[in-house]
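Protein chains in written order, with the numbering used here: chain A, 110 to 488; chain B, 110 to 488; chain C, 4 to 401; chain D, 4 to 401.
Source of the hints: derived by calculation from the structure; they are not laboratory data. Each hint can be trusted.
Calculated pairs, DSS-like style, for lysine-lysine (alpha carbon to alpha carbon, straight line, at most 27 Å):
(1) C:Lys-237 <-> A:Lys-376
(2) A:Lys-376 <-> D:Lys-396
(3) A:Lys-373 <-> C:Lys-146
(4) C:Lys-396 <-> B:Lys-373
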Amino acid sequence: MDLNLSDEQRLLRESAERFVAESYDADHRRKMANDPLGYSPAVWKQFAELGWLALPVAEEFGGLGGGAVEIGILMEAFGRGLVSEPYVATVVLGAALIDRCGRPAQKQASLPKIADGSLKLAFAHSERAARFDLAKVATVANKTAQGWRLAGNKIAVLDGHAADEIIVSAHLHDHHGPSGRIGLFLVPATAPSLIISDYPRLGGGHACNIELSDVHLPEDALLGDGHDALPAIEWAVDRAMAALGAEAVGIMQTLLDTTLEYTKIRKQFGRPLSANQVIRHRLADMAMQVDEARSMALRAALKVDVAPVERARAASGAKAKIGKCARFVGEQSIQLHGGMGVTEELEVGAYFKRLVAFDTLFGGSAHHYARHAQLGRTA
Amino acid sequence: MDLNLSDEQRLLRESAERFVAESYDADHRRKMANDPLGYSPAVWKQFAELGWLALPVAEEFGGLGGGAVEIGILMEAFGRGLVSEPYVATVVLGAALIDRCGRPAQKQASLPKIADGSLKLAFAHSERAARFDLAKVATVANKTAQGWRLAGNKIAVLDGHAADEIIVSAHLHDHHGPSGRIGLFLVPATAPSLIISDYPRLGGGHACNIELSDVHLPEDALLGDGHDALPAIEWAVDRAMAALGAEAVGIMQTLLDTTLEYTKIRKQFGRPLSANQVIRHRLADMAMQVDEARSMALRAALKVDVAPVERARAASGAKAKIGKCARFVGEQSIQLHGGMGVTEELEVGAYFKRLVAFDTLFGGSAHHYARHAQLGRTA
Amino acid sequence: MDLTFNAEERAFQSEVRGFIAKNLTEEMKRATALTPSVFSDPDIGMAWQRALHKQGWGAPGWPVEYGGPAWTPAQRWIFETESARAGVPNVNVMGVKMVGPVIIGFGSPEQKNFYLPRILSGEDYWCQGYSEPGSGSDLSSLKTRAVRDGDDYIINGTKIWTTHAHHANRMFALVRTSDGPRQQDGISFILIDMKTPGIKTRPILTIGGDHEVNQVFFDDVRVPVANRVGEEGKGWTYGKYLLEFERGSGIASAKLREGLKAIADLAASDLTGRAIDSADIATRISEVEVDIDALEMTELRVLSALQTGQNPGAVSSILKLRNSEIRQAVTRLGVDVIGHDALAVEPMRPLYRLNHEPAIPEDMLTVVPEYLNGRAYTIFGGTSEIQRDIIAKMMLGI
Amino acid sequence: MDLTFNAEERAFQSEVRGFIAKNLTEEMKRATALTPSVFSDPDIGMAWQRALHKQGWGAPGWPVEYGGPAWTPAQRWIFETESARAGVPNVNVMGVKMVGPVIIGFGSPEQKNFYLPRILSGEDYWCQGYSEPGSGSDLSSLKTRAVRDGDDYIINGTKIWTTHAHHANRMFALVRTSDGPRQQDGISFILIDMKTPGIKTRPILTIGGDHEVNQVFFDDVRVPVANRVGEEGKGWTYGKYLLEFERGSGIASAKLREGLKAIADLAASDLTGRAIDSADIATRISEVEVDIDALEMTELRVLSALQTGQNPGAVSSILKLRNSEIRQAVTRLGVDVIGHDALAVEPMRPLYRLNHEPAIPEDMLTVVPEYLNGRAYTIFGGTSEIQRDIIAKMMLGI
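In isolation and in its complexed conformation, chain A is listed as follows (with noise of 0.2 Å):
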């Protein structure tokens, strides 16, 4: 029992925090917000060099076979600059994916280009209709003499315009009709009948929906050999979550920071507000759930790889909890600084937008919370 960093882990912090601070300023936030991509090539190439990309791939493909207490460590650095860049969808979401399901020649044809950051991936998995359901999938696969049909629609797939590769889900139906099992594809960004409609996202980094009309794809396009992937798709997205939440630790910490300094500053009524009692308490409040989101971030990293009920109960219990502390972390950080808050003038406008859309990202508190009891139930 020890939650005490490494050394490895501490200079892997020191060197997230260096380039945050340094690389990743206003300016650039400015700019990205304003750019049609929303991140920076240059940018990926920097997290390539720094070993990011590479961190949790296995190192027979190129990899350092980090874990996510690390992804965390890089991820809460991430929130602090509200880096725009496409690392969940490819490196936590995709890479992860694709090393659990992928046949031996999937692994090497990807992993090393996740590693080295000459592919970019992206998820496409929710539905309109399934909520934040992950088994409810109504795309379709038809098995075809040449290989698979995919038709369906596909929304919230995060980054999914910065791409070279889009992993889809889809229900497998073979020569007999439906199998019962989801599987994974890996469709070409490029692939015709696949239509993209790409959108800035709440709070920086982009999404987009997807259209799917008889996307005809090869038989290797599937991942894996057809086993069902709903396991392996609950483990990627608590993995997913885990990393978010930290991100979402980063972004509090930043808000926390940024408010208590401007309570201090600002004067109403002849005095700081920092002066008045209400005020204290509230940053109080705010600084209290921004270390319990941290506990509840890092405990959900320690058990990924746990059994998976144990694993499900913290990533749920973690989102849920960190959901809420961000809403209120995020919605006082505004209410304190008062009018310039609610505007695009400052940049916790931006911040808090990024929390908003952390809370929505693959289920809000309440949806995990009910998951969170419906496992207990189960275990």
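Fit chains B, C and D to the supplied structure of chain A, relying on the hints for placement.
Below, chains B, C and D alone, put in the same frame as chain A:
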């Protein structure tokens, strides 16, 4: 549209408030708390003389034909004094059930006696396994040659120890078996095979569990003619919740007044507690919640006789909202009284406990928000 | 006591419904539903104001002699409720509800004759110059200065949060004409033609992406002394009168109810995967609905008291607080209801005249901007913290 | 980073489990489960203390030279967690955890020799004389006075909230020996034999109906000067040391988890009509469980920092606040879970020795008293309001 009190209503309020202020003081409450009966027959007689027991009874049965608003006025004053007489059990629940379900002879036999104070009733309906579901009744009434045979267990019967007769709900079974209907029976408290386990109730008054092991009753113990009594039970409980809501408002108002006074007088760190902004805002929130609770109690009272779904939504909405306000106001009253608040030395504890009991009675806030939502979808 | 309307009131209700049915176009309705900021754009809002004016309903709160309809409080309630239910445009209140009452109460006969008819008809479009960058909730610390020069004042300074300044042709402003012992002294209430040389307007985008407010700069702006309302240096009194008006005038529950209904409809639709089937969403809809019921009852109690000439007491802060908090609960519920689709940002405005297919269904377009913009409700017009200070002081005496 | 125990730690865990299995009787367990106040009655609590002492575990936090077991922070964690899981008696902390550390830190050799063994063995039973009727959270405003008379102090005044004063044979108290410029000056730390003439004890019933605290009166009580710990007038320093200890020493999550488990078991039972089938109850159980997870992680982070000799910073107020708030959430959940049966008051004590059939199932008996008594957690030891003041000042510098 007019929410001002009529002259009669204003007089009723004044007389009720005067009675409580003059006759129902701290000494009296302390006496009642240690009294094995928990209420005063002499006070009950006064209630009769003041016409309060006749209030909702129709004029043809010796009553005053008052409505839920008048009951609410009385109950709010009762709340201020923490009155422990069995008014809800007898006058609000008992009289209403007999009025709605009874045959003319049954009404004639009971209602005038309720009005003149010579008959006290209780309503035995809840069962442990049913939780707050009014439709769930495991107690059975079997039709016999002579009449009925009742068997079952009832819990949380308000003021059952004081009742001359107990209205017991049971599933009617005739010669063919279960009828699917619930019936209400007038059972003398002295009936053999009826075991009453009396206990002091949280915050004043009493309640009891009742064991019915083969209680034999004559044919005409059944109220009415065997129609399903569930709609009447729902109607009566909605009325009771409106009345209890008004009582809770009176309790909260007293707690607010007392706590406000205390924070002005109690000094800490050289100044009154109320000099702390956090305390001032807390009290402002308490005042707002008392005001909201008052609005909801009045709303429920004004809607007791509208169409069932609208009535039930108003009653559940009021119960849920007032319950939430009651918990907040109660808990904060204790908190702001500090150490003294968590003892039996001050009366604030007794008022708080009555609010906890209120929130539990007939189902807490969560139950009634869920009922409100359910009814909204069927509406 | 009676919650139902009497025959007279029901007749008036029919009249209002008839008026709305005849005058509210589908375009106005859609534009209103797709406006995530507080007020409708002037083309939509003023079209409605003109229709109201034609009916003699252009200024519900004004005395009859100036063109008010002489409604009882109950009629006022019915009008507001029916308007909210139908989804009529949100007319910018700066004219009829804000500057109008001040001119009626404190203006000269010339000012009344000139300005009031132009407010009623919608010919003038007003904005409010109160807040300044440094002032916040401490409004009377304002620094914009008007220096007397013959028959003119010369104004220098800046105002902020100026709603629709980019549309308005007139502004009413609080400016400092002298320094008194208290900072509330020496403030004057001035009417300014927005076309006067030296006025510049800078847009401020809200957090939801809307251009509704502005910063306005005054650089040696020359305004006739005749444009001052009331006495020099007494402007704070007039301005406070307006703020009270702003807080207390709300019949807010009807609009909140319609806002909740829109969210509940989304929750019950397949577009959100029937969000309402989640116990959390269903219960929260009920919680908010009940909060609106409570606010409505409080509003009706105030109304009944007014009806009989009673003073309802200092409840305006409670109404303001509850309205803003419930509004935030409604809009936040909206975000949770639309789920994944809350990620999508649509930066173009107005939303009812997009020239492309949006990424999410039209009914969802305003949900996130309304949540984000809605954060302002607990800030503007005195923060919730200030309102609680007021309640503690005025209602509880602490 | 690693959340799991190493081989050494797992071995210690087995040892603790073995000890508990051997020494914890069914009667102790039942009595503990049926005690709705903070501490077990002395007969139960001291039986456990004697067993611990026999094992050499009587004072986990003490240095080895005084009889401490020299555990690492991780061992301390394991011991507390296993104890909570098994439901061992709640030994009154006034001896081992409160006065013991002060005597060790500031006592004379004679005091150490005399008192420490008697604490370890349970021969002495201590109570704490800090609070006074007027003092509340402003502890140093205390007025009980000790006047020097030869080799004695003569003490007059009164103490309140004195836990188990009716059981204790000794009290450690803060008394005023002189008046300094600040009210914290002139306070001394005194050890008092409860049998000294002039001491009277009055029971104070808690809101849950338990006799746990008292008021103690001192009427010319003569105490030897030799019973003073440390320097005269420096008592506040020693007392504060204790308060810090009281706030920070908690490994609270394990007990909270057991408390929640008891409620969740009730919710899953037919006794409550399976309350857990209501979405509200199920979700709230998860919410509280997750809050406990977060607190546990914070405790473990503190522990890890301690393990490597780092200073974990001023988190004791956070731990105190979260522990008290979560405890209140657990007990409140309990009330909602038992539903109708929350109406029943059982006034007799102890609940594990009732001489009649209670009105509700035994497993429910402590639910309401624990909820009611639990309100005190956000009051005693510095109210939650005071804790937030401290967090703002110490952690945020405002």
